[in-house]
Amino acid sequence: QFEKSRMGESFKNLKAWTDTGDIIGARGTIRRTDKGELSVYAKEWTMLTKSIAPLPDKFHGLTDISKRYRSRHVDLIVNPNVRQTFRDRAKITMSLRQQLDQLGFLEMDTPVLQSVSGGADAKPFETYHNSMDMNLTLRIATELHLKRLIVGGFDKVFEVGRIFRNEGISTRHNPEFTSVELYQAYTDYNDMMELTEQLICGMAETCNDDIASIPYGDDIISLARPWKRITMHDIVAEQLPDVDFTDTSPTNLEKAKASAAAAGVPKTEECKTIGYLLNACFEELCESKLIQPTFVTDYPVEISPLAKPHRSKPGLVERFELFATGRELANSFSELTDPIDQRARLEEQAAKKAAGDEEACDVDEGFLEALEVGMPPTGGLGIGIDRVVMLLTNSPSIRDVIAFPLLKPDS
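1 is the number of the first residue of the sequence shown in my numbering; add one for each residue after it.
The set of hints was computed from the structure by calculation and includes no laboratory data.
For every residue, glycine included, the Cβ atom is placed at its ideal position computed from N, Cα and C.
It is possible that part of the hints are untrue.
Keeping only pairs whose Cα atoms sit at most 20 Å apart, straight-line, the calculated SDA-like set for lysine to any residue is [as the list claims (entries may be wrong)]:
#1 91 <-> 197
#2 272 <-> 315
#3 353 <-> 91
#4 228 <-> 289
#5 123 <-> 348
#6 257 <-> 285
#7 123 <-> 403
#8 257 <-> 283
#9 91 <-> 357
#10 4 <-> 43
#11 50 <-> 16
#12 156 <-> 185
#13 267 <-> 358
#14 50 <-> 18
#15 267 <-> 357
#16 50 <-> 26
Taking CB as the label site, the calculated pair distances span [what the hints assert, rightly or not]:
#17 175 <-> 135: 17 to 23 Å
#18 411 <-> 264: 33 to 39 Å
#19 1 <-> 411: 44 to 50 Å
Could you put the whole structure together from the sequences, leaning on the hints where they help?
The structure is reproduced here in structure tokens:
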């Protein structure tokens, strides 16, 4: 609190020398204002930091989206709701770590620089190590090294870390993003569904008063448990009831392609098997309609090279993905532990990569050697932290929840 009668000549300097954005220090006594606010009743002041770049005025604020992302420091100063989003993000990730710690999981660190890219279908960023004369990639997943820790005797491990994928940018995709991957021995994908609900509900409680009524855009999302569970076959059948995706014959494949194309599924001619076609139909016809949290289960083996074959459904694997607000939030398997089957699948992926598929993974001999030692039955789970934060903070773009998203140079 500044008063001319108390500060004398320095009050004139205060008015003449300070501008919006300056950081000043004040010395005086403590008192309460007429409104009861505790404040410093200043006798003297000093300039701590002079702001030479003007801040946006309080009325108009900083509203240009591109400028907000490029000048996040200013965005945080003038937009309190943006500061709150990043406070909530910090509480969400803290809650995740606390929950996993209480469940007995150990947080581990795995390499960012890798000689073999694997653990996901994604194009990696490439780099080169001068002194070791090695071509390397930035990791596209933490999966394979965490599984090697399971082989080594750690029954519950996780890592919250940055992932790098050289792919397109959208409101849902950023080249670098944060995920948690966790693995627990002697569990399967059914256990992982329960754990997913538990973890996300726990995170939601840190920044939402009622997790059964979370606003997101024009929708109200309910995280009240249990969440809906449906197989990929059943949800696609709701859109294409006349197509039999269990018949793998060439004749039925061509018939199914024609039905899918008529329903608006693009590039059906590129689907070499009924499993690939089933997934293409799901992505085009079903995914965007999954607004409330939904576990989609039992995926085709063709698109799941690291998952265990389903115990009762030939051609499928024990896998689920969690969807909400029309986008994927989590992915989980009963992990494949058979080294012979795993080698065959990775070699098939490597052949696809050699044929030009930039997102296919390589054969990781170190991982296969670990499987040959023996990995116990294991459930694995990956959750996209950024997308969960988007949901829980009602943020429409992934750039709204990443403090400094990658942007093209400002022309």
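Hints, verified against the model:
{"no.": "1", "hint": "91 <-> 197", "in the structure": "18 Å, holds"}
{"no.": "2", "hint": "272 <-> 315", "in the structure": "14 Å, holds"}
{"no.": "3", "hint": "353 <-> 91", "in the structure": "40 Å, violated"}
{"no.": "4", "hint": "228 <-> 289", "in the structure": "13 Å, holds"}
{"no.": "5", "hint": "123 <-> 348", "in the structure": "17 Å, holds"}
{"no.": "6", "hint": "257 <-> 285", "in the structure": "14 Å, holds"}
{"no.": "7", "hint": "123 <-> 403", "in the structure": "24 Å, violated"}
{"no.": "8", "hint": "257 <-> 283", "in the structure": "15 Å, holds"}
{"no.": "9", "hint": "91 <-> 357", "in the structure": "39 Å, violated"}
{"no.": "10", "hint": "4 <-> 43", "in the structure": "10 Å, holds"}
{"no.": "11", "hint": "50 <-> 16", "in the structure": "13 Å, holds"}
{"no.": "12", "hint": "156 <-> 185", "in the structure": "7 Å, holds"}
{"no.": "13", "hint": "267 <-> 358", "in the structure": "18 Å, holds"}
{"no.": "14", "hint": "50 <-> 18", "in the structure": "8 Å, holds"}
{"no.": "15", "hint": "267 <-> 357", "in the structure": "16 Å, holds"}
{"no.": "16", "hint": "50 <-> 26", "in the structure": "15 Å, holds"}
{"no.": "17", "hint": "175 <-> 135: 17 to 23 Å", "in the structure": "19 Å, holds"}
{"no.": "18", "hint": "411 <-> 264: 33 to 39 Å", "in the structure": "36 Å, holds"}
{"no.": "19", "hint": "1 <-> 411: 44 to 50 Å", "in the structure": "47 Å, holds"}
Checked against the numbered hints above, the structure violates hints 3, 7, 9; every other hint is satisfied.
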